[in-house]
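Generate coordinates for the entire structure from the input sequences, incorporating the hints supplied.
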Amino acid sequence: MPSPMESYRRYLDPKVLSKIARLELRARTAVEGFMAGLHRSPHRGVSVEFAEHREYVPGDDLRHLDWRIFGRTDRFYIKRYEEETNLTLSLVLDASESMSYAGPGQVSKFRYGAMVAATLAYLVLKSRDAAALALTDVGVEQWVPPATRPSHLLAITRAIDQAELVRRTDPGLVLKELSAKLPPRGVVAVISDLFAQPERILAGVRELRTRRQDVIVFHVLDRDEVEFPFDRMTRFEGLEGLAPLVADAKALRLAYLRAFSAHQELMRKGCLKHGVDFQVLQTDTPLDVALTSYLSLRAKRGARR
Amino acid sequence: MSFSFGNGALLWGALLLVVPLIIHLLNRRRYRVVRWAAQEFLLEAFRRTRRRLTLESLLLLLLRCLLVVLLALALARPFVPSSSPLSLFSPAQRDVVLLVDTSYSMGRRAAGGETLLERAKAQAGRVLDGLARERGDQVTVVALADPPRTVLSVTSDLQRAREAVERLAPDWRGADLVRTLDYLTENVLGEAHKEVYVLTDLQRETFHPGASDALDAAVPAAATPASAWRVAAEHDCRFTVVDVGESAEAHSLVVEELLSRPQNVVAGEVVSFTATVRNRTSRDLRAVPATFVIDGQREQGRRVTFDAPAAGVAVAECSTIFRASDAARANHTVEFLLEEDDLPADDRRFLAFPVHEAVSVLLVDGDFSPEPELRETALLGDMLNPSLDPETGGTVFRLHAVDDRRFNGRAEDPADYDLIVLANVARIDQEAARRLDDAVRAGRGLFIFLGELVDARSYNERLHRADGTGLLPARLLEARGDVREGSDAVFFPLVDDFQHPLLRVFADPELQQNPTSVPIRRFFRTEIGPKDQATAVVMQLNDDPAAPGALLLEKPAGRGRVLLCTTTADSAWAGWLDNIETYLPLVQEAAYYLTLPDLSLFNLKVGEALRRTAESIPAEVCVLRPDGARDPLRDTPREMEYGEFVLPAYRATGVPGFYGLELTYPLAGAGSDAGRREVEHFAVNVEVAESDLARLEEPAFRALYPGVEVTFVTEIDARQAAQAEAREGQLWRALLWALVGLLAAELALAWWFGRQFRGGSA
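Note that the protein sequences, when read in sequence, are chains A and B. Note that this note's numbering numbers the first sequence so that position 169 is 169, with each residue one more than the last. Note that this note's numbering numbers the second sequence so that position 575 is 575, with each residue one more than the last.
Hints may contain errors.
What the hints assert, rightly or not - Just the calculated beta-carbon pair ranges, DEER-fashion: (1) B:21 - A:235: 36 to 44 Å; (2) A:167 - B:740: 43 to 51 Å; (3) A:235 - B:62: 20 to 28 Å.
Unchecked claim - If you want the ones that stay clear, here's a sample from chain B, every Cβ over 10 Å from chain A, calculated: (4) 118; (5) 128; (6) 319; (7) 435; (8) 635.
No lab work stands behind these hints: they were computed from the structure. The beta carbon of each residue, even a glycine, is placed where N, CA and C say it ideally should be.
Here you go:
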């Protein structure tokens, strides 16, 4: 079991963070824009918005009793308020077996995705927003509920550390499950290689959208998967229980690239249709470059909006 | 469709086709392992492309295997016979027949010192130079000879062909063009196109046989060279006559004949050997040296010289006397040698002949008297032994006179004598006639004189026989003429042909009147029946110009010969006594003639089988060849009806010279032959006709064989051979092109397949 500090470092590259921090200092607007983009709902202030009443049950904090109703009706009601944070960023990190692929000299897709997740969580927590994490495969494997405490980052990285990456993925099901669990009007960042049926994924995305979630899809890919650089007789051992295949890689390349780009295109178009950001992250791209470029893009878009 | 391969062993290289197979299979086995996330897309890609991929990889594999096989095939240099449809892919294959004249005239030395056959071999070598084994060229070597023979049957092994040509030697014989062409037609020429090279000296004797002796008319039309040429030319073939002849005059003397005089050599008598030599040059030759070798005494060979006129005939002569002891030997030999000239084959001649101790004569006297002077045969005996001196007389003819009763009474066996004379014998009984018949057919001579006592019916019945198979040359009719006192009816003999052996002594014009001036006062008229085809009339009489009577008739019977004189042996009917100068030579010639040894038994032509009979079975028969080699005959002798045994024939008489037949009789054998060893000599001579070096030049050839398409060359063109060389390239050439094409196809396909895959990233 790695120490909390270690796992914290594993996913938050100090260099990346410093770059992003510098960016924050140098171009404050960009980060603000990012945040602004994230804050789709209007500012409502902390703990000011009343939401509903419910009957008192013993053990409830008496601070939340509505004395005025008690005075009028002589019954105890608890006053419930809107979420106390401005924003909740839910990070949905795919922890299925396929994410464990790493091209030679590269980090695995999962690790890259984890770094993305941790970095985003750091940024969000830093701005006192809430961050949540869901590690998913067939279902939601780990659920770290939203919190605003800075130490919450540790809880997130610890959960990532414990991921096992052995199961298949079913993002459609996962997203449906999550949509019920997530607080409404949040931002959901799906970090996955999306190796599943596009219809199911898009169905999940639609579900999130109907819950008024702002969804960002980070499509994490290894360069090998994009370019398929193999040229020899190769035995491809399928992850996630898919049958192995022995073939002349060179001969299969074209057909593979076609199938792959068709899938990606389908995802991209589907996301576009549902108003979802679709961002491809390649594991050989430095994380800071990838994130800053995306964030600045989003900031511009937010500014336009 | 049959293949042949220049380098069949390289065909094993085709097994290398397993190499691409192995590479293919190894490639399938040796792969990198990747744990792959995007397997879904890969599986889909594989599902989509699997069929095409399999097809492409199989296609490439097939191409690569084919490449290896084709390479091996090309290296093995296959060729196909021209009859094969595959021959379309190979340049024209040549099928050559070398027809080499091996008659002994090819042994002639040309101006350069080489023989014509050597020239022919060189030209044949050039023809072979133009052939290429790899192209599948084939060659057959046939000897233009008598009989023709295949020296080397069809082969593409040119080295063997070269060796076979190099081994060719002159045959010591002529060449039979007709038979050779027939042989070619039947055995060599076929469907496929053949080039026939006739390497010859174009000798007239070969190419226009019988031109000099007008035998053409006798030869059936189907067997003429012209028709044989035409039949041969009907096949798909092209004749090229390679003339290796020499037109310059040859220095050539030919020994045409070697004879003994007299032909029946008797011990103690002078015998002279005469060699007839033809001078074929256009110069008179003086004092030509020559040698007679008698009984192999080479060192002491008699050297003689003679003058030979230009284009004429000369006679060399040498005399000797054989001793009585020589008669014990089976036979003797004489060889005549000239110094070697341009054509050595005809410079020697061999003769084998028996030497008799004496000629034994049985005189059967029909008018016998104890007093020798009064006998019917008295005058005849005197004529045979003219010497009055008993010491020297009787050396040649040993006479034994008996009366006819004794003869008919079987006291005498005619087979014990060389010659039997019947003089005025009244009749012959059946048994005596049979024994006489056997004796004559076994080689004895029979001389019949007629007379007053003769019973014509008995003669006709016993000796002539109705079927003409008897010994008597003609049927006896009635006697004609009158010998009584006062009758002046006299007939005289007529002679047509003084070249008859009996009359040759009178051939001199001064002597020609001798035989015709003998008065014949009475004789038997004869009738030569239709069955007497063998009978010849030697002398006629002038009795009746329309149907002249015959005085002397002859008839061969078996190996013997019969003479019939239709008048008496003494002077009772004919004026012999007053014409001794005619009677003596006539009787002597007749006696020699009737007892002539059958020299054809011992004197053979090259290639004739050597045959002999023996009276008992020898333990061992061995042929001593001219070069001294011994060649045992192993077949069992065959018994014939006369109680003789026919020894197996010996046919390997291809070289002229003396052959000895050595007979060794078993020690425990029958009678006088027991343990005896004897050697009988056979002389084998070349045919003289072949020595005529006259040539049939091209225009004469074309005139003689119109319509026969023949190309004449004197040299095989080396350039033509070079061209043929340049055209070299057989089926393997086509294969190599196919190989190059396949290689290009393989590369293109591999590139095309590869290009498609790379295309995605571009």
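If I take the minimum Cβ distance from residue 435 (chain B) to any residue of chain A, is it greater than 10 Å?
110 Å, holds
Against the range 43 to 51 Å, how does the distance between the Cβ atoms of residue 167 (chain A) and residue 740 (chain B) compare: consistent or not?
Violated - the Cβ-Cβ distance for residue 167 (chain A) and residue 740 (chain B), about 58 Å, lies outside 43 to 51 Å.
Using Cβ atoms and 10 Å as the threshold, tell me whether residue 118 (chain B) really stays out of contact range of chain A.
At about 70 Å from chain A, residue 118 (chain B) clears the 10 Å cut-off, so the statement holds.
Quick one: are residue 235 (chain A) and residue 62 (chain B) within 20 to 28 Å, going by C-beta?
The hint (20 to 28 Å, Cβ to Cβ) holds, given that residue 235 (chain A) and residue 62 (chain B) are roughly 25 Å apart.
Is the distance from the Cβ of residue 21 (chain B) to the Cβ of residue 235 (chain A) consistent with 36 to 44 Å?
21 Å, violated
Over 10 Å to the closest beta carbon of chain A is the bar; see if residue 635 (chain B) clears it.
79 Å, holds
Is residue 319 (chain B) truly not at the interface, in the sense that its beta carbon sits beyond 10 Å from all beta carbons of chain A?
108 Å, holds
With 10 Å as the threshold, tell me whether residue 128 (chain B) passes as away from chain A on beta-carbon distances.
56 Å, holds
This entry does not satisfy hints 1, 2, going by the numbered hints stated previously.
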